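Sequence order for the protein chains is A and B.
Going by full-length UniProt numbering, 161 is the number at position 161 of the first sequence; the sequence numbering is gapless.
Going by full-length UniProt numbering, 98 is the number at position 98 of the second sequence; the sequence numbering is gapless.
Hints were generated in silico from the structure; no laboratory data involved.
There could be a bad hint or two in this list.
Chain copies aren't distinguished; within one or between two, either way the pair holds.
Think about it this way: if two alpha-carbon atoms lie no more than 30 Å apart in a straight line, the pair counts; the simulated BS3-like pairs of lysine-lysine are [stated by the list, open to error]:
#, residue 1, residue 2
1, LYS163, LYS69
2, LYS98, LYS9
3, LYS69, LYS305
4, LYS30, LYS298
5, LYS87, LYS273
6, LYS297, LYS98
7, LYS243, LYS297
8, LYS205, LYS272
9, LYS163, LYS106
10, LYS106, LYS272
11, LYS297, LYS30
12, LYS69, LYS133
13, LYS9, LYS106
14, LYS87, LYS9
15, LYS98, LYS69
16, LYS305, LYS106
17, LYS297, LYS87
18, LYS298, LYS69
19, LYS298, LYS272
20, LYS87, LYS305
21, LYS298, LYS106
22, LYS273, LYS243
23, LYS298, LYS9
24, LYS243, LYS106
Note that this is a predicted model, so its numbers are computed, not measured.
Number of protein chains: 2
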Amino acid sequence: MTTKVFGHKAPDTDSTGSPIIWAWYLNEVKGVAAEPVLLGEPNTEAAFVLKHWDLPKPAIIEGVAEGEKVVIVDTNNPAELPEGINKTDITAIIDHHKLVGGLETKGPIDITIRPLACTATIMYDLIGGDLAKAPRGIKGAMLSCILSDTLEFRSPTTTAHDKAVCAALAADLGVSMNELATAMFEAKSDVSSFSDAALLRMDSKEYNVDGTELRVSVLETTAPKLILDRKDSLMASMVDVAKEDGADQVLLFVVDILNEEATLLVPNDLVKKIAEASFGCTVSGDTVVLPGVMSRKKQIIPALKV
Amino acid sequence: MTTKVFGHKAPDTDSTGSPIIWAWYLNEVKGVAAEPVLLGEPNTEAAFVLKHWDLPKPAIIEGVAEGEKVVIVDTNNPAELPEGINKTDITAIIDHHKLVGGLETKGPIDITIRPLACTATIMYDLIGGDLAKAPRGIKGAMLSCILSDTLEFRSPTTTAHDKAVCAALAADLGVSMNELATAMFEAKSDVSSFSDAALLRMDSKEYNVDGTELRVSVLETTAPKLILDRKDSLMASMVDVAKEDGADQVLLFVVDILNEEATLLVPNDLVKKIAEASFGCTVSGDTVVLPGVMSRKKQIIPALKV
Numbered sequence: 001m002t003t004k005v006f007g008h009k010a011p012d013t014d015s016t017g018s019p020i021i022w023a024w025y026l027n028e029v030k031g032v033a034a035e036p037v038l039l040g041e042p043n044t045e046a047a048f049v050l051k052h053w054d055l056p057k058p059a060i061i062e063g064v065a066e067g068e069k070v071v072i073v074d075t076n077n078p079a080e081l082p083e084g085i086n087k088t089d090i091t092a093i094i095d096h097h098k099l100v101g102g103l104e105t106k107g108p109i110d111i112t113i114r115p116l117a118c119t120a121t122i123m124y125d126l127i128g129g130d131l132a133k134a135p136r137g138i139k140g141a142m143l144s145c146i147l148s149d150t151l152e153f154r155s156p157t158t159t160a161h162d163k164a165v166c167a168a169l170a171a172d173l174g175v176s177m178n179e180l181a182t183a184m185f186e187a188k189s190d191v192s193s194f195s196d197a198a199l200l201r202m203d204s205k206e207y208n209v210d211g212t213e214l215r216v217s218v219l220e221t222t223a224p225k226l227i228l229d230r231k232d233s234l235m236a237s238m239v240d241v242a243k244e245d246g247a248d249q250v251l252l253f254v255v256d257i258l259n260e261e262a263t264l265l266v267p268n269d270l271v272k273k274i275a276e277a278s279f280g281c282t283v284s285g286d287t288v289v290l291p292g293v294m295s296r297k298k299q300i301i302p303a304l305k306v
Numbered sequence: 001m002t003t004k005v006f007g008h009k010a011p012d013t014d015s016t017g018s019p020i021i022w023a024w025y026l027n028e029v030k031g032v033a034a035e036p037v038l039l040g041e042p043n044t045e046a047a048f049v050l051k052h053w054d055l056p057k058p059a060i061i062e063g064v065a066e067g068e069k070v071v072i073v074d075t076n077n078p079a080e081l082p083e084g085i086n087k088t089d090i091t092a093i094i095d096h097h098k099l100v101g102g103l104e105t106k107g108p109i110d111i112t113i114r115p116l117a118c119t120a121t122i123m124y125d126l127i128g129g130d131l132a133k134a135p136r137g138i139k140g141a142m143l144s145c146i147l148s149d150t151l152e153f154r155s156p157t158t159t160a161h162d163k164a165v166c167a168a169l170a171a172d173l174g175v176s177m178n179e180l181a182t183a184m185f186e187a188k189s190d191v192s193s194f195s196d197a198a199l200l201r202m203d204s205k206e207y208n209v210d211g212t213e214l215r216v217s218v219l220e221t222t223a224p225k226l227i228l229d230r231k232d233s234l235m236a237s238m239v240d241v242a243k244e245d246g247a248d249q250v251l252l253f254v255v256d257i258l259n260e261e262a263t264l265l266v267p268n269d270l271v272k273k274i275a276e277a278s279f280g281c282t283v284s285g286d287t288v289v290l291p292g293v294m295s296r297k298k299q300i301i302p303a304l305k306v
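Model the full structure from these sequences, guided by the hints.
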């Protein structure tokens, strides 16, 4: 039985690239038949990375079957995984997020969670010397995943180890980290083809904060103007998205990668109150700039107060 | 703040030794202040191991405080941990059991779960070359944990890696694995001082099987006669233990380490039905011998049918 390797819904570069890396390792090094798959259409940056490294786009699956072998990467959150995930035969989990509880396995399996910026960094460590056998595309995917998750080392989630692994991969491949990251971020910034609702759900996670269900959306971009020019229709769309997804409010943070700041859209008094309580800012108008804020995991979620 | 390192309630050798090993590593290698603690009195084998390797008995704690730093080893099951465990600051989890779901962490932390026989084997891998700095007692605790959890390699949970690590440690220490294991199993078999209820709870885990709550108790011994001679009072005590612990039935498997078989006590028709359905045996009388059955994890739990 082929093991399916996948990351979270709404795949970004790490959730697209890491399954490809790990499926290569299982197939070529461990002798375990494995296939990388996606739980949805990859975002524009991930699509660029596939094309750039000449990697075939993994199949998008609609769901999982009871008893099928799966490896979960880049998440341990059942809400970000297909329904019925606990009925599959989970054989490994590799992740860099907090343990949320909810996944269950039938027996003891390999679980590796590390407080690093990127799943691919953990895979680099787990694969070790066998990485020498990897084709260029696998190493390239690894490099791209880490540049993406660290926002080229600007994100406060970045560790010295993520940086060192990136530098080693770039040297091995003979590529410029800055050129690759710039091209990736440009691809991510090209959001013209997406609807407002699609943008709000593109990189979004739900959190219950003091009883209020918040869908916390982040758009990382080198061209914030493209998004902020659409702020009126984005704010109008928030009402429908919140309703459809059972949330009380959508928060949209537009992260300006190059200027290292986030702009939060403020459509109503609830968000104004949340912004002022959480980030100690004063809001006047329908946006507020939060200098230095780059990471949902490290800076937004821990700060949120309702 | 000192990090407390502990295993599960009703500490056996692995849940007593592994916290000592990891606290040594944190203190002496990682420069993190850490203290091994216990969630109860160690069993007789673990007490022997402490004395044999001249290790001080860790303090027994009554509970955990909100926000205190803890490392959890040899379990990921909240039911085997102090109340309020999710309110502590869990900084790492090292375990070799199935993921049961229920533990939550505030941020991404180090989690290492491996399908190996023993937590100490995983620690051997994580510590790597730094183990050369360890005093004799730490290496001795490691060796004892693995001999205990593998029943000197008789348990089907044993992997080639557990065996290889044991052999390397024994060679390094210049001790006989067989002599050490024999002394440990003798210590574990000395159960004369325990009440029937204490014996039933000594190495016991609750499982819900098809709606029936079973407390599945295992006693590993080289002297099964000492326990089976008490079978009438043990069976009488099962009724009270089940009632007090909210279980429907206690199942007691007396594992004969040397003869590699288990004897299940059969106090009533329910257990007779379970035994026959689960192990394909025919029960006549108040015990049944199950040849080759040594492991709750690998052989008993997966087989249980009510």
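Taking the hints in turn, this is what the structure says about them:
Only between protomers do LYS163 and LYS69 lie at most 30 Å apart by alpha-carbon distance; the minimum there is 28 Å, versus 33 Å within a single protomer. With identical chains, the CA atoms of LYS98 and LYS9 are at most 30 Å apart both within one copy (17 Å) and between copies (25 Å). Within a single copy, LYS69 and LYS305 get their C-alpha atoms only as close as 40 Å, which misses the 30 Å cut-off; across copies the closest is 24 Å, which meets it. Taking the closest pair of Cα atoms, LYS30 and LYS298 come within 30 Å of each other only across two copies (24 Å); inside a single copy the shortest separation is 35 Å, beyond that limit.
In this assembly of identical chains, LYS87 and LYS273 lie within 30 Å of each other by CA distance solely across copies; the values are 27 Å between and 42 Å within a copy. Taking the shortest alpha-carbon separations for LYS297 and LYS98, both the intra-copy value of 9 Å and the inter-copy value of 27 Å come in at or below 30 Å. In this homomeric assembly, LYS243 and LYS297 come within 30 Å of each other (Cα to Cα) only inside a single copy, at 24 Å, whereas the closest approach across copies is 45 Å. In this assembly of identical chains, the alpha carbons of LYS205 and LYS272 lie at most 30 Å apart only when taken from the same copy (20 Å versus 50 Å across copies).
For a Cα distance limit of 30 Å, the shortest separation of LYS163 from LYS106 across copies, 24 Å, qualifies, whereas the shortest one inside one copy, 36 Å, does not. In the homo-oligomer, the alpha carbons of LYS106 and LYS272 lie at most 30 Å apart only across protomers (26 Å), although the nearest pairing inside one protomer, at 46 Å, exceeds that limit. With identical chains, the CA atoms of LYS297 and LYS30 are at most 30 Å apart between copies only, with a shortest distance of 25 Å across copies and 33 Å within one. In this homomeric assembly, LYS69 and LYS133 come within 30 Å of each other (Cα to Cα) only inside a single copy, at 25 Å, whereas the closest approach across copies is 41 Å.
For the identical chains of this complex, LYS9 and LYS106 are neighbours both inside a copy (23 Å) and across copies (22 Å), given an alpha-carbon limit of 30 Å. For the identical chains of this complex, LYS87 and LYS9 are neighbours both inside a copy (18 Å) and across copies (29 Å), given an alpha-carbon limit of 30 Å. Taking CA atoms no more than 30 Å apart as the test, LYS98 paired with LYS69 passes in both settings, with 24 Å inside one copy and 16 Å between copies. In the homo-oligomer, the alpha carbons of LYS305 and LYS106 lie at most 30 Å apart only across protomers (16 Å), although the nearest pairing inside one protomer, at 37 Å, exceeds that limit.
Proximity of LYS297 to LYS87 under the C-alpha cut-off of 30 Å is found in both arrangements, the shortest distances being 29 Å within a copy and 19 Å between copies. In this homomeric assembly, LYS298 and LYS69 come within 30 Å of each other (Cα to Cα) only across copies, at 19 Å, whereas the closest approach inside a single copy is 33 Å. In this assembly of identical chains, the alpha carbons of LYS298 and LYS272 lie at most 30 Å apart only when taken from the same copy (21 Å versus 55 Å across copies). For a Cα distance limit of 30 Å, the shortest separation of LYS87 from LYS305 across copies, 19 Å, qualifies, whereas the shortest one inside one copy, 36 Å, does not.
In this assembly of identical chains, LYS298 and LYS106 lie within 30 Å of each other by CA distance solely across copies; the values are 11 Å between and 32 Å within a copy. For the identical chains of this complex, LYS273 and LYS243 are intra-copy neighbours only, at 20 Å inside a copy versus 52 Å across copies, given an alpha-carbon limit of 30 Å. Within a single copy, LYS298 and LYS9 get their C-alpha atoms as close as 21 Å, which meets the 30 Å cut-off; across copies the closest is 34 Å, which misses it. Proximity of LYS243 and LYS106 under a CA criterion of 30 Å is satisfied inter-copy only: 28 Å between copies versus 36 Å inside one chain copy.
Hint compliance for this structure: no hint is broken.
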